[in-house]
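There are 2 protein chains.
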Amino acid sequence: MRKLVIAGSLLLASSLGWSQSKSLSGFKEPDVRKEFDLESTFDGYLTAANIDSGIRIMSARPHHVGSPGDKAVVDYIYSKFKSWGYDARVETFYVPFPTPKERLLEMTGPTTFKATLAEKPLKEDATSGQTSEQLPTYNCWSPDGDVTGELVFVNYGIPEDYDYLERLGISVKGKIVIAKYGRSWRGIKPKVAQEHGAIGCLIYSDPKDDGYFEGDVYPKGAFKNEYGVQRGSVLDMPIYPGDPLTPGIGATKDAKRLDRSEATTLLKIPVLPISYHDAEPLLRALDGPVAPPDWRGALPFTYHIGPGKAHVHLKLAFNWDMKELHDVIAKLPGSEFPDEWVIRGNHHDGWVNGAGDPISGQSAMLEEARAVSLLVKSGWKPKRTIVYCAWDGEEPGLLGSTEWVEEHAAELQKKAVVYINSDGNGRGFLGVEGSHALEPFINEVARDVIDPETQISVADRMHSRELVNAANNGRLKKDLLAKKPFTIGALGSGSDYSPFLQHLGIPSFNLGFGGEDPGGEYHSIYDSYDDYRRFKDPSFQYGVALAKTAGRTTLRIADAALLPFDFRALYKTINGYAADLMTEVDQLRETTALTNQLLKENQYGYGTDTALHLMPPATKEEVPYLNFSSLQNALGGLEKVVNRLADTLAKSKWSGSGEDAVNQALYRAEQQLLSDNGLPRRPWYRHSIYAPGFYTGYGVKTLPGIREAIEQRNWKEAQEQIEIDAAVLKKFADYLGSIALQ
Amino acid sequence: MRKLVIAGSLLLASSLGWSQSKSLSGFKEPDVRKEFDLESTFDGYLTAANIDSGIRIMSARPHHVGSPGDKAVVDYIYSKFKSWGYDARVETFYVPFPTPKERLLEMTGPTTFKATLAEKPLKEDATSGQTSEQLPTYNCWSPDGDVTGELVFVNYGIPEDYDYLERLGISVKGKIVIAKYGRSWRGIKPKVAQEHGAIGCLIYSDPKDDGYFEGDVYPKGAFKNEYGVQRGSVLDMPIYPGDPLTPGIGATKDAKRLDRSEATTLLKIPVLPISYHDAEPLLRALDGPVAPPDWRGALPFTYHIGPGKAHVHLKLAFNWDMKELHDVIAKLPGSEFPDEWVIRGNHHDGWVNGAGDPISGQSAMLEEARAVSLLVKSGWKPKRTIVYCAWDGEEPGLLGSTEWVEEHAAELQKKAVVYINSDGNGRGFLGVEGSHALEPFINEVARDVIDPETQISVADRMHSRELVNAANNGRLKKDLLAKKPFTIGALGSGSDYSPFLQHLGIPSFNLGFGGEDPGGEYHSIYDSYDDYRRFKDPSFQYGVALAKTAGRTTLRIADAALLPFDFRALYKTINGYAADLMTEVDQLRETTALTNQLLKENQYGYGTDTALHLMPPATKEEVPYLNFSSLQNALGGLEKVVNRLADTLAKSKWSGSGEDAVNQALYRAEQQLLSDNGLPRRPWYRHSIYAPGFYTGYGVKTLPGIREAIEQRNWKEAQEQIEIDAAVLKKFADYLGSIALQ
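First to last, the sequence lines map onto chains A and B. Using my numbering, the first residue of the first sequence is number -9, and each one after it goes up by one. Using my numbering, the first residue of the second sequence is number -9, and each one after it goes up by one.
Just chain A, same shape as in the assembly:
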């Protein structure tokens, strides 16, 4: 790697003491003032009415992949971008997209019951009656299947639930499991059931987690009524997202495809989501042990685990036709660095009408793009190219984004400065997850966006919430009161940032408002305009707030003289993850040893109610001491480099003109965190710091190679992954050093 020369005349605003004493990383005077003025003009262009009408129009019909409604939304978005002067095009990919042909769920004993498998149209919800265009309730990518067996209730269907079943002597082999939605991404439930030998899987929404226990049900209130069903993908996305037939490459017309049987992300057992109306008779019919307290939901009977009495028959058949995906890609060329791309995206496909998910985010993004186009009309031009992306096929498995990223991987690794994602949006608090080198930068953005409800900054409001939560939970401490920069969450999966960040190492954000918009409409026919305007963001002002937040993020990165990466924040974050891991291994070692001693002394036998017939947990292999020194040394080296780089950048006079070589080095730095072989058993995931959990799905695992090996008690692999991550961090430090050292 060649060493990069830092030159020019940049003076950072922060070191100049800007007149309003507000820093703006990456800008120098007088550009700081100009940037704030630009953003103020930008804000003035944004209207809630446009976001309202955008949601209404785009959610007017069901618009899942391959549907006429999907095409209508694509045409609408495309025509909007075109009308605003963007260089817009529709990029098409070709993917299988299974839709139901036959769905049958019945109880055959001890009593008979046939599940309705239908959500009810409501007069209070104008689009809920569009039954002819709606996708039935199903889990996308379930295989065809026709199974009959005893039913077993498996709580949330996550690995620890099966540990408990084992202690009860209950096997799900040859049986059909019923799991509650929650605690994991849905696809984990059938995957784990399948690993344990189950032949079918039902997933239902318990009213405790998603229904009347939480609040009044739709249409009186926002929460899930007894007929509501959460559709959703069960593609094994922790292996790889996107088209299951074209891992790693774009699903273009002529792409080389796997046979469906070869796709490792497809389940082998049929799975179906059901409502609590349909689940109730099945659960009521179970006998066997009473479910332990944290397994119980809010249905009005005693939850039992089974198996035995209750037998069910599940028959599913799907149409596996190929469908077209339509990504709308709209570019605004950069005036100085057209080959540096600030990419902003939100998907457009919904499971049904999708007013909240994804249209609320899509409509806010369009309003943002419209305002940007007005800035252009007023004479401004971005230094870097801005690329708006409206993705198709996010719902079945990040299809549109993944195929596009895979297709354009080489170009993106050169040009992509950042990927800024949003998805469904609602009333409440700003949520930010992303690349930690941009944590200080996004703090500045949140400082400058005003919350529509309280008229304080959205950053201050995050702080207020933290204080109130601490006060409500009796955890209020003095050090909480002093406002500090907020930390941002790490990205797992669940929306279109995954291919950018985790496959290509492109710095990414996921932005959105929420927390004051709870409800049960997710992936149901009730995620409608009528629901949205009553319960999610009635004034549409949080759509405006999202446009302001993502818009500032986009504009500042597009125009920064020096890109606002601060690798000290990233170092600090990784170092924290490593410290956590070391503590966790020590705790696991102690817990394992102590538990084994309890087992040896028969303390479980003595201390457990014999009436529970609960066997002690299995004895586990003792935890060895792992050698973390290579990781610690790599982190020690990294710390020095990031501090030196920060000093150098602060003192530099970089003008941001010419080749922009330093900025290119900065935005490509995160790619150095990719490992050559990716994560064990899932090479598509190459980021060494962030990945969705193999057994959590959406939930992030940081330093995933090491962490998951430890969690799986695979000590050999854990040691290997420590060495791999240490090498990656060393490579990363060397790379950053080549920027710092002239």
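Since the hints were made in silico from the structure, they are not lab data. Among the hints, erroneous ones may be present.
The calculated lysine to aspartate or glutamate pairs, modelled on EDC-like cross-linking and capped at a C-alpha distance of 16 angstroms, are [to be verified]:
| hint | chain 1 | residue 1 | chain 2 | residue 2 |
| --- | --- | --- | --- | --- |
| 1 | B | K467 | A | E574 |
| 2 | A | K246 | A | E397 |
| 3 | A | K24 | A | D438 |
| 4 | B | K473 | A | E574 |
| 5 | B | K91 | B | D134 |
| 6 | A | K373 | A | E25 |
| 7 | B | K468 | A | E580 |
| 8 | B | K467 | A | D576 |
| 9 | A | K210 | B | D277 |
| 10 | B | K198 | A | D284 |
| 11 | B | K468 | A | E591 |
| 12 | B | K467 | A | D438 |
| 13 | A | K467 | B | E574 |
| 14 | A | K473 | B | E591 |
| 15 | B | K468 | A | D576 |
| 16 | A | K467 | B | E580 |
Restraint-style ranges between C-beta atoms, simulated for each label pair [what the hints assert, rightly or not]:
| hint | chain 1 | residue 1 | chain 2 | residue 2 | range |
| --- | --- | --- | --- | --- | --- |
| 17 | B | R671 | A | A569 | 48 to 56 angstroms |
| 18 | B | T609 | A | L578 | 14 to 22 angstroms |
| 19 | B | G464 | A | R465 | 17 to 25 angstroms |
Partial list, computed: chain A residues near chain B (C-beta under 7 angstroms) [said to hold, decoys possible]:
| hint | residue |
| --- | --- |
| 20 | L457 |
| 21 | N462 |
| 22 | R465 |
| 23 | L466 |
| 24 | E506 |
| 25 | Q593 |
We treat Cβ as the ideally placed atom computed from N, Cα and C, and that holds for glycine.
Following the hints, position chain B against chain A.
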């Protein structure tokens, strides 16, 4: 106080290294061996069959105060004691005991509904159909009343629930409240409702806490079915227990009585307990704000708070006739110290059939007494007098025990060495609460009783449970594994020890097994023999275990050469309470200051969802620094004295013969912890260390004078109570010093 001389020739077993290396506090060789032999003989006399038949016989009919069944049980117990050679008598007191004449609960709007107010007889429960003798479902000591008003759901009806209602702007003034059973003793709920201006109070059993959420309902399982109702007293026992008309004196025939209107322990608003079958339509009819998560139960709808839509009419009238209480008192005179009494008690009255509460404990006590009588027949005699007491009227308010204690107060303060209480008993783990000077002693008892399920000692089993609980909750730590003496809980209220301990300062224990006998039969018609033998202690072996435990406790104290008081354990406990209090005040000061700062900064306004319409909490007066020095100095003095006393006693050669003056000084020591004026606003409670909480009812408050003043933020009173408790502790230390210093 005169100084006592320690003399004689006692050699403590512990310092001798007894052949089985088991210490036995207070005994010297060869008495240690003899005592163990005696206990072994005693154990051999105990049979589960007798406990079984005792429960069957005494629970055959409803036997509440004043009923024919009560008299039959009294006759049975009396005749048993007589037949075993005890000096038995029935002592009678005269008390009002209200029973229902009229009970009406109806909803008058928005729909109409009339509550059934009846538990259903079941064919699976032989005694449940004895409707003519059963007391209807009611709360004893509710006043007559006829009220109509809007209904408000107040969660558990404890003070913090009203704080939350205030934040919602909801007042219960002029309204009828409905509260869940749980989180406080039931009498607190109407008391707090009344303080807030409510005109009536309903208490119901939510299936989340007491019903199908927990497990299968009766008769399939043990848990409360939809018709089950918890009867119970709502006498304001935290003021004083016992007959409301004769506080402080025995309710003998000619006692001077208050007028009912003068009794401070009687409520002013009508209160009625109902089933979840009857509560469901009322709660369903509520509107207003949705109840917050921890208020919600397991009924299948969204819990609202009201008020507004739902109106209820509650009409109650009672028969306030005077009834007779019959305490059976059976004495076995001490051979050496007949004027030193080891008192062992359990009540005999039930709300209905009361197989579990109290007959399971009563039957075990009778079996214990029978075995003791067989020891006597074999030639053994206790050194001290053993007094068995079967109390009447515990359920309405510890009536029988309190009146007896008040009547015999002077004699008891001279003669009572210890009071050993039990009550309902079941399968599981030993529970011990009591006077901490006897904590080391009761550890030895628990060490020597074998658990019938696991064949390890009941002390070891307590330790196993602690380990398993810690393991299940992820709190397993190395230091837990080393077995240490267990600590015992402090006594609040809820059974007949209160007058002994808290009014007279007599060292007390409450003993019982449980934790593997959950169910919903408490105070209902289903607390029957059929229920008991299926779900509570099917083998009746835990009845035997209770007889062994309480029997050993009784026998050892009756025969000890040197009474096994160890005031180091008491000092350590009190010192811990004081340290906790000081920490709590500091934390309260910090929390108050921080919360006030949040309020000043409007952080609640910024950080709370505006849709909740939740006002910030009220600003609270800042917490001053209290002067704990007098208490700390008193504790410092006490520490020296208890260590010196322990040394002196260990070295002494006390024979336990003659006047027994040292032992008398030891057993009367706890009386020095009584304060002259008792607790503020409730002078009946005189113990400075232990009291039931004014706002918890059964739940203990340690150092109650100080603690409750702090909790009520009454700083002046807190400082006064610190000085009072310091003076009490100084007096106590001086007293102990007079034993230690010859």
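The hints, checked one at a time:
Using a Cα cut-off of 16 angstroms, the hinted pair K467(B) and E574(A) holds, with the two alpha carbons roughly 14 angstroms apart. Under the criterion of a C-alpha separation no larger than 16 angstroms, the hint pairing K246(A) with E397(A) is consistent with the structure, at around 13 angstroms. A C-alpha spacing of about 15 angstroms is found between K24(A) and D438(A), which places the hinted pair at or below 16 angstroms, so the restraint holds. At roughly 27 angstroms between alpha-carbon atoms, K473(B) and E574(A) are farther apart than 16 angstroms, so this suggested pair is violated.
Distance hint between K91(B) and D134(B) is fulfilled; the C-alpha atoms sit about 10 angstroms from each other, no more than 16 angstroms. For the given pair, K373(A) sits about 12 angstroms from E25(A) by alpha-carbon distance, which is consistent with the 16 angstroms threshold. For the hint pairing K468(B) with E580(A), the CA-to-CA distance comes to about 8 angstroms; that is within 16 angstroms, so the pair holds. Distance restraint check for K467(B) and D576(A): the Cα-Cα separation of roughly 12 angstroms lies within the 16 angstroms cut-off, and the hinted pair is therefore satisfied.
In summary, the hint linking K210(A) to D277(B) is supported, as the alpha carbons are separated by about 12 angstroms, within the 16 angstroms threshold. Taking the CA atoms of K198(B) and D284(A), the gap is near 12 angstroms; set against the 16 angstroms cutoff, the hint holds. Between K468(B) and E591(A) the alpha-carbon distance is near 14 angstroms, which keeps this suggested pair within the 16 angstroms criterion. Of the supplied pair hints, the one linking K467(B) and D438(A) is violated, its CA atoms being roughly 47 angstroms apart against a limit of 16 angstroms.
Between the alpha carbons of K467(A) and E574(B) the distance comes to roughly 14 angstroms, so the proposed pair stays at or under 16 angstroms and holds. At roughly 12 angstroms between alpha-carbon atoms, K473(A) and E591(B) fall within 16 angstroms of each other, so this suggested pair holds. Of the pairs offered as hints, the one joining K468(B) and D576(A) holds, with about 13 angstroms between alpha carbons and a cut-off of 16 angstroms not exceeded. For the proposed pair K467(A) and E580(B), the alpha carbon gap of about 8 angstroms is at most 16 angstroms, so the pair holds.
Take R671(B) and A569(A): their Cβ atoms lie about 54 angstroms apart, and the range 48 to 56 angstroms holds. For T609(B) paired with L578(A), a C-beta distance near 46 angstroms fails the hint of 14 to 22 angstroms. The given range of 17 to 25 angstroms is respected by G464(B) and R465(A), whose C-beta atoms sit roughly 19 angstroms from each other. A distance limit of 7 angstroms between C-beta atoms decides the matter here; for L457(A) the minimum to chain B is near 5 angstroms, and the interface restraint holds.
Hint status for N462(A) relative to chain B: violated, with the closest Cβ pair at about 9 angstroms, above 7 angstroms. Because the smallest distance between the Cβ of R465(A) and any Cβ of chain B comes to about 10 angstroms, over 7 angstroms, the interface hint for this residue is violated. Restraint check, L466(A) versus chain B: the minimum CB separation of about 5 angstroms is within 7 angstroms; hint holds. A distance limit of 7 angstroms between C-beta atoms decides the matter here; for E506(A) the minimum to chain B is near 4 angstroms, and the interface restraint holds.
Taken as an interface hint, Q593(A) checks out: its beta carbon lies about 5 angstroms from the nearest beta carbon of chain B, inside 7 angstroms.
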